[in-house]
Amino acid sequence: MNTKVRELLNDQINKEFYSAYLYLDFSNYFKAKGLDGFANWYMIQAQEERDHAMLFYQYLQNESEPVELLAIEKPDKKIECDMDILKAGLEHEKYVTSLINAIYAEAQKVNDFRTMQFLDWFIKEQGEEETNANDMITKMQLFGTDPRGLYLLNQELAARVYSAPSLVL
Numbered sequence: 001m002n003t004k005v006r007e008l009l010n011d012q013i014n015k016e017f018y019s020a021y022l023y024l025d026f027s028n029y030f031k032a033k034g035l036d037g038f039a040n041w042y043m044i045q046a047q048e049e050r051d052h053a054m055l056f057y058q059y060l061q062n063e064s065e066p067v068e069l070l071a072i073e074k075p076d077k078k079i080e081c082d083m084d085i086l087k088a089g090l091e092h093e094k095y096v097t098s099l100i101n102a103i104y105a106e107a108q109k110v111n112d113f114r115t116m117q118f119l120d121w122f123i124k125e126q127g128e129e130e131t132n133a134n135d136m137i138t139k140m141q142l143f144g145t146d147p148r149g150l151y152l153l154n155q156e157l158a159a160r161v162y163s164a165p166s167l168v169l
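In this text, residue positions in the sequence shown follow our numbering: the first is 1, and each later residue adds one.
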């Protein structure tokens with residue numbers, strides 16, 4: 001495997017674990033506010049991100065490439081209201097999309113078709129993640145200022161259940 005591609009894949013493990021930390025922080029914020037549905041939604045997001053990190057980890061191991069685990073930074077988003085979290089979530093998903101795209105572009109440069117195929121699932125997943133984050137903002141804008149609307153939105157988010165990624169390596 002090309003050195004640059006390997007480095008980017010290793011770095012992505014760290015970025016995915018950071019994403020899990022970020023979403024745990026968001027979940028903690030909402031739990032403290034009594035919005036258990038929002039807390040649940042972000043807890044599941046954290047689980048997904050952890051699993052994404054493990055997929056990158058497993059991929060490198062399957063390719064007999066060394067894995068380097070880096071320190072995970074503390075989330076540093078400044079939160080003043082519920083909408084700040086939702087917007088930060090969308091911003092973060094766009095950032096992760098750019099990281100995945102950069103790995104894909106590097107793999108494409110060196111004709112690393114196996115890595116490109118591996119990343120195809122993540123490209124699709126990032127499209128879904130951005131859509132979900134955008135939908136959360138739209139719903140909060142529509143219903144979040146009304147206590148009854150916020151209650152119903154919180155109930156909707158409480159119904160979300162975790163399902164592990166279906167990517168087979």
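To be clear, the hints were calculated from the coordinates, so they are not data collected in a lab.
Keep in mind it's a predicted model, so treat the numbers as computed, not measured.
Some clues are possibly wrong.
With a straight-line Cα cutoff of 27 Å, these simulated BS3-like cross-link-like pairs (lysine-lysine) come out [as the list claims (entries may be wrong)]:
| no. | residue 1 | residue 2 |
| --- | --- | --- |
| 1 | K4 | K33 |
| 2 | K87 | K124 |
| 3 | K124 | K109 |
| 4 | K31 | K4 |
| 5 | K74 | K87 |
| 6 | K4 | K94 |
| 7 | K31 | K87 |
| 8 | K4 | K78 |
| 9 | K31 | K139 |
| 10 | K78 | K94 |
| 11 | K109 | K31 |
| 12 | K139 | K33 |
| 13 | K31 | K74 |
| 14 | K109 | K87 |
| 15 | K124 | K139 |
| 16 | K139 | K94 |
| field | 27 Å limit on alpha-carbon distance, applied to hinted pair K124 and K109 | value | Status holds; Cα separation ~21 Å.
| For the pair supplied as a hint, K87 and K124, is the alpha-carbon distance within the 27 Å limit? | holds (21 Å)
| query | Is K4 close enough to K78, meaning Cα to Cα at most 27 Å? | reply | violated (33 Å)
| said: Can you confirm whether the C-alpha distance between K109 and K31 stays at or below 27 Å? | reply: Violated, at about 45 Å.
| Are K31 and K139 close enough, with their CA atoms no more than 27 Å apart? | holds (19 Å)
| query | Under the criterion that the straight-line Cα-Cα distance not exceed 27 Å, is the pair K31, K74 satisfied? | reply | Distance ~19 Å between K31 and K74 Cα, so the pair holds.
| field | Hinted pair K4 and K33, Cα distance within 27 Å | value | violated (43 Å)
| Holds or violated: are the alpha carbons of K124 and K139 at most 27 Å from each other? | holds (23 Å)
| Given the proposed pairing of K78 with K94, does the C-alpha separation stay at or below 27 Å? | holds (18 Å)
| Given the proposed pairing of K74 with K87, does the C-alpha separation stay at or below 27 Å? | It holds: about 19 Å lies between the C-alpha atoms, which stays within 27 Å.
| K139 and K94: Cα distance at most 27 Å? | holds (19 Å)
| Proposed proximity, K87 with K109 (alpha carbon, max 27 Å) | violated (33 Å)
When the structure is compared with the earlier hints, violations turn up for hints 1, 4, 8, 11, 14 and for no others.
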